[in-house]
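Asker: Sequence:
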Amino acid sequence: MRLDLTVALPSYREAANLARILPRLHDVLGPTGLRYELLVIDTPSALDETPALCREYLARHVCRAGGLEYGNAVRTGIREALGQYVVFMDADGSHPPEFVVKMLERRFDADIVVASRYVAGGGSDNGLALRAMSRLLNWSYGAVLGIKCRDVSNSFRLYQLELLKGLNLRCNDFDIVEEILMKSFMASKNLRLCEIPFKFLRREEGTSKRNLSKFVYSYVVTLFRLLALRLTA
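Our numbering applies: residue 1 is where the sequence shown begins, and numbers increase by one.
It is possible that some hints are incorrect.
[Claimed, not checked] Using 20 Å as the maximum straight-line C-alpha spacing, the simulated PhoX-like pairs for lysine-lysine come out as follows:
#	residue 1	residue 2
1	K165	K189
2	K148	K189
3	K102	K189
[As the list claims (entries may be wrong)] Just the calculated beta-carbon pair ranges, DEER-fashion:
#	residue 1	residue 2	range
4	R106	L201	16 to 26 Å
5	N190	L3	34 to 44 Å
6	G146	A46	38 to 48 Å
7	N190	R20	35 to 45 Å
8	P51	R230	33 to 43 Å
9	D27	D109	23 to 33 Å
10	N190	A143	34 to 44 Å
Since the hints were made in silico from the structure, they are not lab data.
By construction, the Cβ of each residue, glycine as well, lies at the ideal position given by its N, Cα and C atoms.
All chains should be modelled from the sequences, with the hints used to inform the complete structure.
Answerer: In structure tokens:
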């Protein structure tokens with residue numbers, strides 16, 4: 001059955017946060033009248049109480065195929081989603097469920113709606129060094145790869161699902177977030193992208209799954225890999 005919306009949440013031992021996020025998503029999406037599903041993309045085999053929480057809060061639980069990496073979770077989410085639109089959001093509490101409604105308000109104006117830290121009114125509560133590094137990396141990706149977006153690295157986005165299904169996504173780590181934008185612009189000269197102001201919050205429970213040194217290394221390697229792909233396309 002085709003739905004209006006899928007909210008996809010890649011998850012890695014996030015049971016404590018999902019217990020708060022899933023009911024909040026129902027609270028904000030129920031009044032919209034949309035036919036929606038909450039899709040939790042877990043590890044290849046469950047490592048905590050996530051399956052039980054999904055049953056309790058009426059979310060669909062799937063295990064990612066291909067390995068633990070974030071990129072595999074995204075590809076699994078794209079393959080499994082049943083909505084005309086899909087929102088990808090973190091399961092750690094850094095992406096507030098209430099913001100999904102703001103993104104939905106712009107779905108008819110754009111193929112991709114980005115929750116952007118780098119437009120007027122946006123921001124982040126990360127430390128100064130992290131914010132500076134993030135801005136530099138985002139600027140580099142936009143300038144080198146021709147991505148017309150100020151915040152290329154925030155995964156909190158709304159997409160038309162058919163757009164995502166038409167992309168051949170190969171990245172395995174968090175770099176798949178930039179790959180999606182680059183390949184979307186390559187696939188459509190008339191791509192409509194909208195950025196709306198967003199304040200990034202630190203995760204609510206637990207520790208981040210992102211290793212900073214691996215994060216930066218992955219960005220640099222992916223920048224050159226995606227540039228090579230763009231130049232040979």
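Asker: Indicate, hint by hint, whether the structure satisfies it.
Answerer: Now for the hints, and whether the structure bears them out:
Distance check on the hinted pair: K165 and K189 sit about 17 Å apart at the alpha-carbon level, within 20 Å; holds. Using a Cα cut-off of 20 Å, the hinted pair K148 and K189 holds, with the two alpha carbons roughly 11 Å apart. Only pairs whose Cα atoms come within 20 Å are accepted, and K102 paired with K189 is rejected, the gap being roughly 26 Å. Take R106 and L201: their Cβ atoms lie about 21 Å apart, and the range 16 to 26 Å holds.
Look at N190 against L3: about 26 Å separates their beta carbons, and that is not inside 34 to 44 Å. Between G146 and A46, the C-beta spacing of about 40 Å keeps the proposed range 38 to 48 Å intact. Between N190 and R20 the Cβ separation comes to about 39 Å, which falls inside the hinted range of 35 to 45 Å. A beta carbon spacing of about 40 Å between P51 and R230 agrees with the range 33 to 43 Å that was offered as a hint.
A C-beta distance of roughly 25 Å is found between D27 and D109, which places it inside the suggested range of 23 to 33 Å. At roughly 22 Å, the beta-carbon separation of N190 and A143 lies outside the given 34 to 44 Å, and the hint is violated.
Consistency with the previously given hints fails for numbers 3, 5 and 10, ordered from lowest to highest.
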